[in-house]
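Chain by chain, the residues run as shown.
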Amino acid sequence: MLRTATRILCITLCGLAAARAGADDPPTDPSHLPDAERAAVRALVEKELQIRGLLRGKIYLTGIDVPPDNYPDSPRRAIVTHYRYDGDLTILTSVDLGRRQVLGVEAVPHMSAALAPEEQAAAVRLARDHADVAAALTRYRGLKVEVDAALWVCGDRDALTFGHRLVRLSYRQGRDYLLYAPRVEVDLTTGKVRVTRTDKAHDK
Amino acid sequence: MRKGRFAAGLLGAAAAVVFLSLSAHSPHTTAQPSKVRPGLKSPGPGIYEIVQEFPVGGPMQTAWKVRYAANARVGLMIAGAWFKTGPRDGWTKILENVRLSEIFVPYNDGETRLYDIGAAGAYSLERHTQADAGPNGKLLHNGQVVRELRDDGVLWKYYNQVRRAQDLTLWATLGATNYNYITEYSFRCDGSFSCRLGSTGKNLSNHETMGHMHHGCWRIDLDLGDPQHNSAYLVKWAERKGKAKDTVEPFNNGVEGGAVWNAEEFTRVRIQSNQKNAQGNFTSYELVPLRHGSPRHRGHREEFTHHDFWVTPYVWNEQYYVNLPQYVAKKRRITDTNVVLWYLTSAYHLPRDEDGIFLGPNGQAQVRGVALATWCGFEMRPRNLFEKSPLYP
Numbered sequence: 001m002l003r004t005a006t007r008i009l010c011i012t013l014c015g016l017a018a019a020r021a022g023a024d025d026p027p028t029d030p031s032h033l034p035d036a037e038r039a040a041v042r043a044l045v046e047k048e049l050q051i052r053g054l055l056r057g058k059i060y061l062t063g064i065d066v067p068p069d070n071y072p073d074s075p076r077r078a079i080v081t082h083y084r085y086d087g088d089l090t091i092l093t094s095v096d097l098g099r100r101q102v103l104g105v106e107a108v109p110h111m112s113a114a115l116a117p118e119e120q121a122a123a124v125r126l127a128r129d130h131a132d133v134a135a136a137l138t139r140y141r142g143l144k145v146e147v148d149a150a151l152w153v154c155g156d157r158d159a160l161t162f163g164h165r166l167v168r169l170s171y172r173q174g175r176d177y178l179l180y181a182p183r184v185e186v187d188l189t190t191g192k193v194r195v196t197r198t199d200k201a202h203d204k
Numbered sequence: 001m002r003k004g005r006f007a008a009g010l011l012g013a014a015a016a017v018v019f020l021s022l023s024a025h026s027p028h029t030t031a032q033p034s035k036v037r038p039g040l041k042s043p044g045p046g047i048y049e050i051v052q053e054f055p056v057g058g059p060m061q062t063a064w065k066v067r068y069a070a071n072a073r074v075g076l077m078i079a080g081a082w083f084k085t086g087p088r089d090g091w092t093k094i095l096e097n098v099r100l101s102e103i104f105v106p107y108n109d110g111e112t113r114l115y116d117i118g119a120a121g122a123y124s125l126e127r128h129t130q131a132d133a134g135p136n137g138k139l140l141h142n143g144q145v146v147r148e149l150r151d152d153g154v155l156w157k158y159y160n161q162v163r164r165a166q167d168l169t170l171w172a173t174l175g176a177t178n179y180n181y182i183t184e185y186s187f188r189c190d191g192s193f194s195c196r197l198g199s200t201g202k203n204l205s206n207h208e209t210m211g212h213m214h215h216g217c218w219r220i221d222l223d224l225g226d227p228q229h230n231s232a233y234l235v236k237w238a239e240r241k242g243k244a245k246d247t248v249e250p251f252n253n254g255v256e257g258g259a260v261w262n263a264e265e266f267t268r269v270r271i272q273s274n275q276k277n278a279q280g281n282f283t284s285y286e287l288v289p290l291r292h293g294s295p296r297h298r299g300h301r302e303e304f305t306h307h308d309f310w311v312t313p314y315v316w317n318e319q320y321y322v323n324l325p326q327y328v329a330k331k332r333r334i335t336d337t338n339v340v341l342w343y344l345t346s347a348y349h350l351p352r353d354e355d356g357i358f359l360g361p362n363g364q365a366q367v368r369g370v371a372l373a374t375w376c377g378f379e380m381r382p383r384n385l386f387e388k389s390p391l392y393p
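As you go down the protein sequences, you meet chains A and B in turn. Position one of the first sequence corresponds to residue 1 (our numbering), numbered consecutively onward. Position one of the second sequence corresponds to residue 1 (our numbering), numbered consecutively onward.
You may find that some hints are simply not true.
[Stated by the list, open to error] Taking lysine to aspartate or glutamate pairs in the EDC-like style, the calculated list, with each CA pair at most 16 Å apart, reads:
1. B/Lys-138 / A/Glu-106
2. A/Lys-144 / A/Asp-176
3. B/Lys-138 / A/Asp-24
4. B/Lys-245 / B/Glu-265
5. B/Lys-84 / B/Asp-109
6. B/Lys-330 / A/Asp-24
In case anyone wonders, no lab produced these hints; they're calculated from the structure. Given the structure is predicted, the values throughout are model-derived calculations rather than measurements.
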């Protein structure tokens with residue numbers, strides 16, 4: 001009897017722990033694909049883009065979106081996004097994940113697509129290697145300075161930077177942005193870094 | 001005998017643990033969000049479900065069943081919602097999905113354009129504490145989602161009779177570098193629901209004093225009853241020569257497209273089902289705008305801001321607000337089919353000292369404070385979902 005009761009108690013406590021685990025864990029991203037599936041989907045899509053002549057030059061996988069739905073008969077599907085520098089082109093490929101089949105490809109010029117991790121790293125590296133950025137950050141030497149990379153879109157068709165992949169970097173310590181940090185704009189399309197002097201950096 | 005008593009005590013303790021654990025949650029809420037229930041289609045991993053009965057703490061009169069999901073690109077999204085108009089009624093499907101499709105942030109200099117969802121960088125789903133959740137809030141998913149039960153003021157009053165409204169609110173915060181975006185969904189006891197975007201945080205470095213917009217670009221996939229038989233209408237009011245008239249017309253003549261909100265017409269969009277309530281009237285939901293203003297941007301590919309409402313037929317991979325002008329160019333039918341409503345909600349932020357801006361002697365701006373939350377959003381209000389006043393004796 002004692003053993004049975006102990007078992008019941010253990011099972012109950014384990015059950016409660018498991019039930020709570022679902023609520024206490026971070027939410028699972030519905031768009032998350034396991035590594036193997038992500039790699040397979042990427043290979044499938046890039047093969048299709050190759051066939052269609054879209055896979056050329058500098059091109060990055062920037063995201064995979066798996067829109068959830070409640071329709072009983074709908075297959076599990078994803079929208080795979082690539083960004084191609086040539087033509088400032090965002091390529092959206094629709095994929096049936098279950099059948100590993102490409103359902104359609106849409107190439108949209110001048111549509112904003114997220115920065116790929118490789119692009120973020122490239123922007124930070126280009127800025128770090130720029131003498132003016134290094135000089136401006138000298139006063140923060142020894143402190144842990146972090147950097148945010150944000151994609152900026154030029155909406156002016158007549159501007160020289162229209163259609164370019166523009167990244168602005170903001171330097172911070174903790175969650176506070178550095179007062180004397182330079183304004184840094186990295187044009188990933190041309191590889192150029194533009195640095196505004198710290199005393200001119202702010203808009204007043 | 002002693003062993004038997006001990007065992008009974010152990011079982012009693014187990015029962016007490018179960019009881020206390022369950023009663024720690026609101027008595028009319030499912031204990032914790034769970035994966036979907038048996039008998040419903042499992043929409044995939046990462047979808048959670050909450051059932052909330054109203055009134056909280058009393059016998060159930062109405063209820064919402066809400067599915068939700070969250071990630072670091074979009075924040076919180078609703079992945080299905082069903083409503084019960086009474087304790088003996090079945091679930092009526094209201095929503096298939098609602099989410100922010102884009103947060104567009106154009107600055108007054110004309111050259112700074114941020115797409116905070118489409119071009120999201122390394123954003124994060126922020127973790128909250130009980131200080132975020134408030135006295136009626138609960139932290140879910142490691143604190144990354146907050147569930148609140150709110151008193152929503154007077155629902156109706158007639159002399160000595162009154163009913164206060166309650167709602168289930170789910171919200172989460174997207175950490176978007178210098179800004180925090182709060183996405184909030186409230187499901188009210190009368191079948192209405194609202195969606196809001198709150199923008200707060202530090203003003204953008206190097207643009208501390210520059211005016212800018214935060215546009216919440218919403219994709220609202222209503223499914224009223226049978227989703228294949230929904231239709232979109234534009235509802236307007238106008239007074240001429242002292243007499244007022246209401247007009248209900250097929251949205252854009254029944255073809256996908258956009259429409260403009262007109263303050264003098266009380267413009268709203270109605271999504272109507274082919275199902276009728278017990279009075280024989282078609283059930284619908286109306287989008288009631290809660291607007292600060294209507295921006296029109298003229299940059300390249302910013303035509304999606306030239307209308308306030310858009311309606312398209314449902315296509316699973318048409319998810320991106322900025323592509324609406326291309327979607328509607330197909331001129332597809334939006335009557336008696338599965339439709340999606342898109343809506344632009346805008347907040348204009350003209351920086352002020354309350355944002356914590358200080359100008360140094362050299363004229364440089366510094367931010368040592370935080371911009372208070374500015375909200376924009378909309379309400380979806382049922383029409384002929386009930387056959388009588390909801391929650392009325």
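Next item on the list: Take a quick look at whether A/Lys-144 and A/Asp-176 sit within 16 Å of each other, Cα to Cα.
Entry: holds, 12 Å
Next item on the list: Compare the distance between the alpha carbons of B/Lys-138 and A/Glu-106 with 16 Å, and conclude whether the hinted pair is satisfied.
Entry: violated, 42 Å
Check: Taking 16 Å as the top limit, are the C-alpha atoms of B/Lys-138 and A/Asp-24 close enough?
Finding: At roughly 11 Å apart (the allowed maximum being 16 Å), A/Asp-24 and B/Lys-138 satisfy the hint.
Notebook entry, point to check: Keeping to a limit of 16 Å between CA atoms, is the pair of B/Lys-245 and B/Glu-265 held or broken?
Noted result: Given pair B/Lys-245, B/Glu-265 holds - Cα atoms ~10 Å apart, limit 16 Å.
Item checked: Pair hint B/Lys-330 and A/Asp-24, alpha-carbon separation not exceeding 16 Å -> violated, 45 Å
Notebook entry, point to check: Is the hinted pair B/Lys-84 and B/Asp-109 satisfied, with a Cα-Cα distance of at most 16 Å?
Noted result: violated, 49 Å
Violated hints for the displayed structure, listed by number in ascending order: 1, 5, 6.
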